[in-house]
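Visitor: For the protein sequence lines, the chains are A and B, in the order given.
Per our numbering, the first sequence starts with residue 1, numbered consecutively.
Per our numbering, the second sequence starts with residue 1, numbered consecutively.
Derived from the structure by calculation, the hints contain no laboratory data.
Any given hint could be a false lead.
[Claimed, not checked] Here are some chain B residues pointing at chain A (derived, C-beta under 8 Å):
1) Lys-78
2) Gly-131
3) Thr-225
4) His-247
Since we're looking at a predicted model, the values are computed, not measured.
The beta carbon of each residue, even a glycine, is placed where N, CA and C say it ideally should be.
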Amino acid sequence: MPSGLPFEREIDEMEELLAKMESGTGNGQVTASEEVRRMRRELANLIRKVYGNLRSWDTVLVSRHKNRPQTLDYIDMIFDDFVELHGDRAIGDDRAMRTGFARLADFRVMLVGHQKGHTLKERNECLYGCAHPEGYRKALNKMRLAAKFRIPIICLIDTPGAYPGIGAEERGQAQLIATNLLEMSRLATPIICVVIGEGGSGGALGIGIGDRVAMLEHAYYSVISPEGCAGILWKVATEETKPMAAEALKLTARDLFRLRVIDAIIPEPLGGAHRDPRGMGSILKDYLLRYLRELRDLSVAELLDQRYQKFRAMGVFVEQVI
Amino acid sequence: MASVGKMKRGVPEGLWIRCPQCKATIFRKEAESRFNVCPECQHHFYLPARERIRQLLDADSFEEWFKDLRPSDPLGFKDRIIYGERLKAEQAKTGMPDAAVVGRGYIRGRPVVFGVTDFAFMAGSMGSVVGEKLTRAVEEATRLTLPLIFVSGSGGGARMQEGILSLMQMAKVSAALARYDQAGGLYISVLTNPTMGGVAASFALQGDLTLAEPGALVGFAGKRTIWNTVRLELPEGFQTSEFLLKHGFVDRIVARKDLRTEVARIVDFCER
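Isolated chain A, as found in the complex (with noise of 0.2 Å):
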């Protein structure tokens, strides 16, 4: 099961060549036991080498991968009794936007999360995760049943970005999404984002206002694509510039971080999440019902002034005293 991934392909090779011995005939049984343990562990040093060298780019490209869990496959791994909530009580219901009522071990949350889909047939009906207006009404109108009654928010982002289209401009997604910043920052009741996948600019910040913002390791955040931002840059979005697009616009989970603009990075397993969705799962849940658990005591007020503060404090410029 090659990745595709371009930065993969030693990998893929011995992957393959493991697999081949494990279910390989002819040696002895015990050495190839030794030799198949061997092979494991340079294994594991080949990606933890390969992965603790990604270039932005290339974080890009697994934050991509199509066999990267998405917001339905957590659902499915880590949350009980999803309870799907569909439409935005105005223009219909927006595949790319998934919400619901779910429980999270003992908590009960509102669950919203972009989805892009696996398949063809999945990506086409919500559109790679690229919400339209009424994706983000549905959302704003789910967290609002919400924080009518303290029910903490998760948002999981993965979009590329909000819908860039016709009708999308027609039905207002820049007021949409005006709407649902300005609403998500005084919502009575504990937010928790995380991006699990892509975070694409006004489309990934449409549901990314929180009490803590967190990404995964091999996750992206960016106020603008690496392709639209080498378009502009450097006129074509090459397999040369957006590499350095990605690099200049300092996307990665690490350079969030260091800008004080999320609040952790949340560990992958080993080769990144699409290695291994069900570890990923475990790992994401453990740091939800850890942020449930710090959020759960404090007042509203108190949870208000300290989202306030949080992004309050965002943004880098010299004061001149002159």
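Fit chain B to the supplied structure of chain A, relying on the hints for placement.
Guide: Only chain B this time, still in chain A's reference frame:
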């Protein structure tokens, strides 16, 4: 024969200018005397921040705030030139430290907190300084319980060169506006050409009232991005003020010459 002034970022130069909309050759002084509006077709030309302040606020009533904020280069962003160099060039060209001017002034005798973004400075894009200035202006308006007027002219949206920090300015100023709203403040947002991307998707469309100058380009995604996605001819008048009015996102389209009167009237209507 009159020389037709060359267009520099939408700023017409020279004695005579050509209207980009109706192509008429017009006397520069005449356009200026009409608030930088084409006398033939009413096309609204770009207006620098200082000129906007002069037109909209009472004479000499503006007191600028937070003048000492300067941008820096937190990412070490480099494309063809270093961001720091780009900033210096933009500062030299515009005489402004960054794209926003905020402060306090009077509109027909009514005290207001006022802010404007200037397209000439990096397309009016919002980086840390723009975000911080606007946020402080909102906080001051909250503290002083004054009406708030923001005029946006930001084709660039969130400023790419400050990366994720620019995106977070959208969150920052939105949070401040939420508090201002909670406190009962009146926020009038005036959209001018162009207001796009992250600026449209934050403070520009969070007003209690949204006014727009005629013919302004306002939207989320750029036309090229949309075309790349849908590969369809975009409808006539797509993403203009009139388009937004028709689809229900703008309260009123107001000609520049009427803006002062209209804003003052709204302030009076909403007085407590």
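Visitor: Work down the list of hints and note, for each, if the structure agrees.
Guide: Verification of the hints:
Proximity of Lys-78 (chain B) to chain A holds as hinted, the smallest CB-CB distance being about 6 Å (cut-off 8 Å). A distance limit of 8 Å between C-beta atoms decides the matter here; for Gly-131 (chain B) the minimum to chain A is near 6 Å, and the interface restraint holds. For the restraint placing Thr-225 (chain B) at the interface with chain A, the shortest Cβ-Cβ distance is roughly 5 Å, inside the 8 Å limit, so the hint holds. Interface restraint check: His-247 (chain B) against chain A, minimum CB-CB distance 5 Å, threshold 8 Å, status holds.
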